[in-house]
Amino acid sequence: MSSSLIEFSHVTKAYGALLANEDLCFRVSKGELHAIIGENGAGKSTSMKLLFGLESVTSGEIRFKGAPKKWNSPRGAMDAGLGMVHQHFMLSPVHTALDNVILGREFGHSKAKATRLLPSLGLIDRVTIRRDLESLSKSAGFNIPWDEKVENMPVGLQQQLEIAKLLYAGVDVMILDEPTAVLSPDETETFLQMMKNLNQQGRTIIIITHKLKEVKSIADHITVFRRGKSVASVPKQDVSIQDMADLMVGRHVNLGEIKRSANTPGESLLTVESLTLGRAGTKNKLSDISISVKEGQIVGLAGVEGSGQTDLFNTILDPRRFSKMTDGRQVINILGRDGDTLTASDIRRLPIGVVPADRLREAVLPDESLLENDLLGHDHEFASWAVLGGQWLDRRSAKGRLLNELKTFDVRPSDPDAKLGGFSGGNQQKFVMARELSRNPKLILCAQPTRGVDVGSIEQIHGELIARRDAGAGVLLISSQLDELMALSDIIHVMFEGRIVASFKRGEFDEGKIGVAMGGGGR
Amino acid sequence: MESTAIFEIFLSVLRFAAPLILAAMAGLYSERSGIIQIALEGFMLFGAFVAAASATHFGSGFAGLFCAVGFGIVMGLFYGFLVIQLKTDQIVSGTAVNMLAWGGIPVVSKMLFDVTSKTPAIDASERLPQWFPIVLALAVVAVTYFVIKKTPFGLWLTVAGEKPEALLAAGIRPSSVRWASLMITGAVAGLGGAILSVCLASSYTRNMTAGRGFMALAGLILGKWRPIQACGACILFGVCEVAQLKLQGTVFPLIGTVPGQLVQILPYVITLWILAGVVGESRAPSKLGQS
Amino acid sequence: MKIHRIWTILKPAFFAMVSVMLGLLVGSLLAMLAGEDPIKIIQVIISGAFGTAHDRGMVIYFTTILIATGLAVAIPFQAGVFNIGAEGQTLIGAMSCALLALFLPDALPSWLAICLCFAAAIIAAGVWGGIAGGIRAFRGGHEVIGSIMLNFIAAGVTGWLVVGKFQSSDSQNPETAMIPENLKLARFEMFDGAPATLAILASLIAAALFWVVIEKTRAGFRVKVVCQSPDAAQVAGYSVPQVRFWAFFAGSAACGLAGAAMVLGEAGRFRMEMSEGFGFLGIPVALLGRGRPVGVVLSAFLFAALHHGASALDIEATKVTRDLAQVIEAVVVIFVVAQVRLSHSRGAI
Numbered sequence: 027m028s029s030s031l032i033e034f035s036h037v038t039k040a041y042g043a044l045l046a047n048e049d050l051c052f053r054v055s056k057g058e059l060h061a062i063i064g065e066n067g068a069g070k071s072t073s074m075k076l077l078f079g080l081e082s083v084t085s086g087e088i089r090f091k092g093a094p095k096k097w098n099s100p101r102g103a104m105d106a107g108l109g110m111v112h113q114h115f116m117l118s119p120v121h122t123a124l125d126n127v128i129l130g131r132e133f134g135h136s137k138a139k140a141t142r143l144l145p146s147l148g149l150i151d152r153v154t155i156r157r158d159l160e161s162l163s164k165s166a167g168f169n170i171p172w173d174e175k176v177e178n179m180p181v182g183l184q185q186q187l188e189i190a191k192l193l194y195a196g197v198d199v200m201i202l203d204e205p206t207a208v209l210s211p212d213e214t215e216t217f218l219q220m221m222k223n224l225n226q227q228g229r230t231i232i233i234i235t236h237k238l239k240e241v242k243s244i245a246d247h248i249t250v251f252r253r254g255k256s257v258a259s260v261p262k263q264d265v266s267i268q269d270m271a272d273l274m275v276g277r278h279v280n281l282g283e284i285k286r287s288a289n290t291p292g293e294s295l296l297t298v299e300s301l302t303l304g305r306a307g308t309k310n311k312l313s314d315i316s317i318s319v320k321e322g323q324i325v326g327l328a329g330v331e332g333s334g335q336t337d338l339f340n341t342i343l344d345p346r347r348f349s350k351m352t353d354g355r356q357v358i359n360i361l362g363r364d365g366d367t368l369t370a371s372d373i374r375r376l377p378i379g380v381v382p383a384d385r386l387r388e389a390v391l392p393d394e395s396l397l398e399n400d401l402l403g404h405d406h407e408f409a410s411w412a413v414l415g416g417q418w419l420d421r422r423s424a425k426g427r428l429l430n431e432l433k434t435f436d437v438r439p440s441d442p443d444a445k446l447g448g449f450s451g452g453n454q455q456k457f458v459m460a461r462e463l464s465r466n467p468k469l470i471l472c473a474q475p476t477r478g479v480d481v482g483s484i485e486q487i488h489g490e491l492i493a494r495r496d497a498g499a500g501v502l503l504i505s506s507q508l509d510e511l512m513a514l515s516d517i518i519h520v521m522f523e524g525r526i527v528a529s530f531k532r533g534e535f536d537e538g539k540i541g542v543a544m545g546g547g548g549r
Numbered sequence: 003m004e005s006t007a008i009f010e011i012f013l014s015v016l017r018f019a020a021p022l023i024l025a026a027m028a029g030l031y032s033e034r035s036g037i038i039q040i041a042l043e044g045f046m047l048f049g050a051f052v053a054a055a056s057a058t059h060f061g062s063g064f065a066g067l068f069c070a071v072g073f074g075i076v077m078g079l080f081y082g083f084l085v086i087q088l089k090t091d092q093i094v095s096g097t098a099v100n101m102l103a104w105g106g107i108p109v110v111s112k113m114l115f116d117v118t119s120k121t122p123a124i125d126a127s128e129r130l131p132q133w134f135p136i137v138l139a140l141a142v143v144a145v146t147y148f149v150i151k152k153t154p155f156g157l158w159l160t161v162a163g164e165k166p167e168a169l170l171a172a173g174i175r176p177s178s179v180r181w182a183s184l185m186i187t188g189a190v191a192g193l194g195g196a197i198l199s200v201c202l203a204s205s206y207t208r209n210m211t212a213g214r215g216f217m218a219l220a221g222l223i224l225g226k227w228r229p230i231q232a233c234g235a236c237i238l239f240g241v242c243e244v245a246q247l248k249l250q251g252t253v254f255p256l257i258g259t260v261p262g263q264l265v266q267i268l269p270y271v272i273t274l275w276i277l278a279g280v281v282g283e284s285r286a287p288s289k290l291g292q293s
Numbered sequence: 003m004k005i006h007r008i009w010t011i012l013k014p015a016f017f018a019m020v021s022v023m024l025g026l027l028v029g030s031l032l033a034m035l036a037g038e039d040p041i042k043i044i045q046v047i048i049s050g051a052f053g054t055a056h057d058r059g060m061v062i063y064f065t066t067i068l069i070a071t072g073l074a075v076a077i078p079f080q081a082g083v084f085n086i087g088a089e090g091q092t093l094i095g096a097m098s099c100a101l102l103a104l105f106l107p108d109a110l111p112s113w114l115a116i117c118l119c120f121a122a123a124i125i126a127a128g129v130w131g132g133i134a135g136g137i138r139a140f141r142g143g144h145e146v147i148g149s150i151m152l153n154f155i156a157a158g159v160t161g162w163l164v165v166g167k168f169q170s171s172d173s174q175n176p177e178t179a180m181i182p183e184n185l186k187l188a189r190f191e192m193f194d195g196a197p198a199t200l201a202i203l204a205s206l207i208a209a210a211l212f213w214v215v216i217e218k219t220r221a222g223f224r225v226k227v228v229c230q231s232p233d234a235a236q237v238a239g240y241s242v243p244q245v246r247f248w249a250f251f252a253g254s255a256a257c258g259l260a261g262a263a264m265v266l267g268e269a270g271r272f273r274m275e276m277s278e279g280f281g282f283l284g285i286p287v288a289l290l291g292r293g294r295p296v297g298v299v300l301s302a303f304l305f306a307a308l309h310h311g312a313s314a315l316d317i318e319a320t321k322v323t324r325d326l327a328q329v330i331e332a333v334v335v336i337f338v339v340a341q342v343r344l345s346h347s348r349g350a351i
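Chains as they are written, first to last, in my numbering: chain A, 27 to 549; chain E, 3 to 293; chain X, 3 to 351.
Don't take every hint at face value.
[Stated by the list, open to error] Calculated pairs, DSSO-like style, for lysine-lysine (alpha carbon to alpha carbon, straight line, at most 27 Å): (1) Lys112(E) - Lys175(A); (2) Lys425(A) - Lys218(X); (3) Lys13(X) - Lys89(E); (4) Lys218(X) - Lys13(X); (5) Lys237(A) - Lys56(A); (6) Lys112(E) - Lys321(X); (7) Lys311(A) - Lys289(E); (8) Lys42(X) - Lys112(E); (9) Lys255(A) - Lys96(A); (10) Lys13(X) - Lys445(A); (11) Lys175(A) - Lys289(E); (12) Lys91(A) - Lys262(A); (13) Lys152(E) - Lys175(A); (14) Lys242(A) - Lys255(A); (15) Lys120(E) - Lys321(X); (16) Lys248(E) - Lys175(A); (17) Lys218(X) - Lys445(A); (18) Lys289(E) - Lys309(A); (19) Lys167(X) - Lys248(E); (20) Lys89(E) - Lys226(E).
[To be verified] Some chain X residues flagged as far from chain E (calculated, every beta-carbon gap over 12 Å): (21) Ala121; (22) Gly142; (23) Val242.
Simulated from the structure, these hints should not be mistaken for laboratory data. Given the structure is predicted, the values throughout are model-derived calculations rather than measurements. Glycine is no exception: its CB is placed at the ideal position from the N, C-alpha and C atoms.
Make a model of the complete structure from these sequences and hints.
This is the structure:
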């Protein structure tokens, strides 16, 4: 038992009242390929930040090689032989691959310094370092173009570069946060093979992920996180994919069983026909997208983040802005109007509710009062004084309307002058829903409606969306939570690299198949 | 005869460009590390005054240069205190430093020399030779090129301006790199001002930088934040300035006189043009002003 | 609750006062260092600003100009863009005003001609600044660099126009001929010939208009949204580039008032480099006034008094000069900027 390299014992991490990790216990043995799995927000990344010294433990202890870990900064962790690849790459886009690897290790392996001329003068010896890296590349199976700028490299190569950085620094323990989230299936395949090789060369590897298949194929040992706790830590052969899924989700929140009326979809509210978005010479952001949202229908868009959902959402909100980037064939039709003839502000005057993905950045002004936030995107409704071209803003009538809104949607506190930033995530989101839905929109564009929202509010928000659908509204729903999409949608389109790669009707939903399509596989 | 005249013109171009080149290099260290530098004008003016005052005090032109460099470092630290430590707005803080120079120098000058307009003339024997600033400026360009391309500090500097998170992840604090680069900025800009008063003139005269700090900033942008190109842009400014002087009163066939003022503003028009992305692509360090 | 609300309104004013006090303190310490009696220095500045009717008139004239250049900075700032080009915008405004005044037919009634001259100054200044604003809004080039370049270009172009094209034949200085008498703004008699004119009203109206637009109109609301969160503005259907451009345009246009006040109210002609740093002074004015209309008016008055009062130092003091005022201004800016940590992406100054 004492052979464990890293040991979390009763580790708790609190951010104010929120417990990101609670009483966390698990071990990682030397030379192991250890997978940590769990849903979004289960505390996986936090635990690794604690290990890596980016955050400090609230209570409990992390032990390294049998003794409490000594470092509390990334530098210290690196000196102890740990390296981490973050979910968002730490690469400078305008520097070459070589320079990104050199950064912080400008003199190569420390032993070499004294014997070489340039380093002893305090200069970077790129020729020698490059030679070292090429031999390292060969043994690890990289094919990194060392003199290319990072911004010109595909994501898969950037991922390799991050790993090359760790190898060059000579780490023994590699921590990888969601390494395959941004990779295509081919790249994923290569990547996993590489991990296996590195593991066989004696390195300890910890992978954070929520892709169960990958875990099953490469990991030696699996730890499952749920709501900040480790609920199981077992050798791979002891669990099936089904077991892992059950452990991850745990007690099922009955999302799948919201009552919905069995209506037939009515007229089309939104149609997008063969939309392609991209500049000449660069990869298309969207390719040949066709979808339609009808009355009484919730259309779900699934996909790994960055597969084009956000681009589609933004294009629908402002087709004209993007028309220069399209090849001219696309047709966006919104509530019977041709998208190309509408400005962004025209579109917001149509009966449309818009709930964007990044609440604090796109949906509200956190520093402003509820009243100001209620005007956001709806100021034209309170225009008066036609003499001034309707420029006068009638805040008094806006306030009256807002009070009703807050009551109906149970937003607390219901003080129009309170700063929105002080509200809980759930109440902020309920406020956004209140603002957008109280106008009885025919079409609702809704992205990540329950991100950072407590369970109680999630159910309320889901109920509201279903109720709107039953009442005849059409909903375009983007979510990274597959269970949310499956619970709400009538149709799910799966996006991958800017394309729709698969579509499923309600009743045909299959988590496995959708998951495969999200990774770009299967049609 | 003809060739010496051309050589003379060439020298006068470089003489005008030398302080600009130094100031542009100074700005380069700051801006490449992610900090907008509109205080170059103030740094230069302080440098010019401190150099002239200390040169007369110590009776040595070199002493003047040293004092200007030293004071430049102090001002760099002061600016760093504002924008790194207190995280104040970089543009407003830069403007404040400029105002401090515009107002503060005459006040101090009045205290020391009882006039606001100029310092006492430096002894002719103590003036530094005219070729000195040119060599100095070109040397600083070479060193800067070398630092950026070949040294670890140069790499840190540029990463600090592009992706500070990556620098932090590699275990180096971006703020430390920025402190260091602001000290260099202050020192080199001080030097740029110093050669104005100690080498190219015989004393400090009121507001003698006359916008050269801003001009250097334009040169830096025109040179796309790269040492050699920025140096080239500053030389172009020198050409325009000298042309403006030479063209005065010259009547050309067909065109008539060419107005000097319009030749003088040519560099700014080009800079503006480039800023608008009409010709060429100028890419600023992506974290410029956001630290 | 009530007290809290009052405090949130008064806090900026309080901090502004503290900054000014600290600025004066540093200024008088410096004067003491130079061997002057600091109390006397303050007295000289105050009596220099308000001692005679003429002085008071000068303060009003400078207030007129500083409100305008202060607004030139404050208005774009509401949309999160920084206008450092008031100097050049003022020059262009003044030049256009003077040229139009010189070439308008005499038959026009004076009031109409004056209005036209004001309009010319406002539009020209707005368009000039709009170049930098447009480069920022539509092309992404930094507006600060753009407006610095435009300052130089404005100085060059107006210099060329004065010296090369419209040089007054009966003057040794680089300046245009005098505009017709009937276009000069009448000076208030009570100020003993100082150039205090109705132009002050134009500046105050501009500030009031600014307040109304920001607080009461949809355009003002949009400006606020763009400043605080361009992403939210986009989702709400507001065009971020348009808002930024027009805010920049409006700010620059305010400089036209300064230019017109200089030409029609004071000099009666365009003089080379007649903006004399008032454009740059707009930055501390806007900063001390926290970008708010009332704040800008009050701080414009304060800086005008300091500016004019300090000129008395040249005569009344032996060891310090009017330059002390600029040191005080710089110190005030440093203290204000250190307190408010202003940032382009979030809220008012």
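task: Measure nothing beyond the straight line between the CA atoms of lysine 112(E) and lysine 321(X); if it is 27 Å or shorter, mark the hint as holding.
output: Cα-Cα ~7 Å, so holds.
task: Would you check the hint for lysine 167(X) and lysine 248(E), treating anything up to 27 Å between C-alpha atoms as holding?
output: Answer holds: lysine 167(X) to lysine 248(E) is near 20 Å, not above 27 Å.
Pairwise hint evaluation, lysine 218(X) against lysine 425(A), where the allowed Cα distance is 27 Å at most: holds (14 Å)
- request: Decide if the proposed pair is consistent with the structure: lysine 242(A) and lysine 255(A), CA atoms, cutoff 27 Å inclusive.
  value: holds (21 Å)
- request: Decide if the proposed pair is consistent with the structure: lysine 218(X) and lysine 13(X), CA atoms, cutoff 27 Å inclusive.
  value: holds (23 Å)
- prompt: Taking C-beta pairs only, is glycine 142(X) more than 12 Å away from all of chain E?
  reply: At about 7 Å from chain E, glycine 142(X) fails to clear the 12 Å cut-off, so the statement is violated.
task: Below or equal to 27 Å on CA atoms is what counts here, so check lysine 112(E) against lysine 175(A).
output: Not OK: lysine 112(E) and lysine 175(A) at ~54 Å, beyond 27 Å, violated.
- prompt: For valine 242(X), is the shortest beta carbon distance to chain E beyond 12 Å?
  reply: Valine 242(X) clear of chain E: closest Cβ-Cβ about 17 Å, beyond 12 Å.
message: Given the hinted pair lysine 13(X) and lysine 445(A), is their Cα-Cα distance within 27 Å?
response: Within the cut-off at roughly 18 Å; holds.
- request: Take the C-alpha atoms of lysine 91(A) and lysine 262(A), compute the straight-line distance between them, and say whether it is at most 27 Å.
  value: Measuring from Cα to Cα gives roughly 23 Å; hence the hint holds.
- prompt: If you draw a straight line from the CA of lysine 248(E) to the CA of lysine 175(A), is it 27 Å or shorter?
  reply: Roughly 45 Å between the alpha carbons, so the hint for lysine 248(E) and lysine 175(A) is violated.
- prompt: Can the restraint linking lysine 120(E) and lysine 321(X) be considered satisfied, given a maximum Cα separation of 27 Å?
  reply: holds (15 Å)
Hint check: violations occur at hints 1, 16 and 22; the rest are consistent with the structure.
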